[in-house]
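A.B. asks: What follows is each chain in one-letter form.
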Amino acid sequence: MSEVASVTIEDVRRVAELANLELAAEEEPRMKRDLNAILVHFAQLSEVDTTGVPAMAQVADILGGLIDENGAELRPDDIRPSVDRTAVMHSAPETDGRFFKVPKVIER
Amino acid sequence: MEAWTIDAVRGAVAAGSTTATSVAEEHYTRIAKTDGPHGKDIHSFLALTRERALAQAARIDAMAAKGEPLPPLAGVPIGIKDVLATQGAPSTAGSLILKGYTPPYDATVVKKLEAAGAVILGKLNCDEFAMGSSNENSAYGPVRNPRALDRVPGGSSGGSAAAVAANFAVATLGTDTGGSIRQPAAFCGVVGLLPTYGRVSRYGLIAFASSLDRVGPFTRTVRDTATMLQVLAGEDPLDATSADIPVADYLTDLDKPVTGLRVGVPEEYFGEGLDPEIRTAIETVIAGLEKDGCTVTKVSLPHTRHAIPTYYVIATAEASSNLSRFDGVRFGLRAPESNTLSSMFRKTRDEGFGAEVKRRILLGTYALSAGYYDAYYAKAQQVRTLLTRDFLNAFQSCDILVAPMTPTPPFKIGEKSDDPVAMYLADIYSVAASLAGICGISVPCGETKSGLPIGVQLMGRHFDEATLLRVAQAVEKAQKPTA
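Here the protein sequences come in this chain order: A and B.
Under the working numbering, think of the first position of the first sequence as -2, with each following residue one higher.
Under the working numbering, think of the first position of the second sequence as 112, with each following residue one higher.
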């Protein structure tokens, strides 16, 4: 990150593809402008000396056992009721009652 | 207009001087008058759950009629931010992609509130997927600040803050990922609590950034916030990140004097960009705590200026992953006329997500992508450690930290909506506590000369909400010297 990344329209398209987003053509320049403005701001992180500093994914990582000691045991592996299938399928855009129906997966 | 508190509602219902049904109707009447989606209305509610509310109110009234002891929130009208699942009622997260979605289950916090006697009035407007600081990113239209209708209520829990400020509900639930409870509380002149990460269950919360998202209450008094937390707090077997740590009694010591507590004032929160009227209001709060017998010392949280980029890297990275579940397969919107699965995903997400959500998904995907992961995401996680250590160090010598909640009073609708960087920078005082997982609260502490609310931010140790609320209570008392 020593050099500030400059995002191009191609980068925007590539990242959109990775994210399963389809941007309209008129959205692309706006996203390019915004991403560049924000990434310039992100670049200040490179100034921070983090040599030997562990990464922190969430707060339990740093509380020195306060949470770990209390929550170290695994929960019992019991069978518990789940949400009713009919209720779940009620929200589906397309279903046969048992499965979610989707368009074909393989493009030909 | 009666501004009820929790204890007043419960007491009046128990004494038979009113009914839960009448209190609910009184609130629905007020909502009908001034909470429409158009013109100069506040627009805090997206959906009303009238049937469910009145059935619950009738249950409470039947208990009261029989003289049964009433639970702590009996008959209390409460609104729920629309990112929390409510069985059979719309839960859209402010997004078109979930328009019309009614979940098959309740969030644990919603269940807990109803089990404690609360009357759920409906679902509250918010920024789409809780992404925003002004509530202008709701797909269903912005919320107006009840204290100044041309201004934003803050975000993302803007509807939750506005509904309490406008007396549409006695309490509401919001969620806070980078300030989304505390900042709108400050902007609307109400109390907003960010509980410690792990203190309150998130089962049934539509996830934005899982290492940061938290659920907490809005109320008009600190005591009501303590009562809400007492009901909400605790481990939940359905949320693996909820902590197995005993819940304190938040009410017993609430009015205990704060004499001898050590208050830290982090110098980094009083730098350039802080509105002078807000500065004065916060200094008055600090002087008040000193008068109450607290010892006040200056402290330093040296990594504070890196908090915003750290937060936005981590939050957008997690969002890009969490929001991949919205694909048109199992719930919500599906774009019609797609020949393949892949184009169905893309079209659905293009139609269903608004501009800010797309921007954050793109940013997060970029920060996690090959070649950039170490420079952005891994780096931000390391800086997060440093930011958290800052707080742990400060809490060696202080019991509580006092700072401004926002750099400015509520801004005008439209003022920052075209400039994402300016909008992100407005979160300068809220995101560090989010990253560190500590608890925090915004308490009203006066207003500007033009009548806009000011909030003071208190920050406490992990799982030390008891001290946080006690100091908040002292701050609130100092605001009402005659009460």
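Treat the hints with care, as some may be off.
[To be verified] Using 30 angstroms as the maximum straight-line C-alpha spacing, the simulated DSSO-like pairs for lysine-lysine come out as follows: (1) B/Lys367 x B/Lys409; (2) B/Lys409 x B/Lys144; (3) A/Lys29 x B/Lys367; (4) B/Lys523 x A/Lys29.
These aren't lab readings, by the way, just hints derived from the structure by calculation.
Bear in mind that the values here come from a model prediction, so they are computed numbers and not experimental data.
A.B. asks: So, for every hint listed, does it hold in this structure?
C.D. replies: Comparing the hints with the structure gives:
1. B/Lys367 x B/Lys409: holds (24 angstroms)
2. B/Lys409 x B/Lys144: violated (48 angstroms)
3. A/Lys29 x B/Lys367: violated (55 angstroms)
4. B/Lys523 x A/Lys29: Status holds; Cα separation ~26 angstroms.
In this structure, the earlier hints numbered 2, 3 are contradicted, and the remaining ones agree with it.
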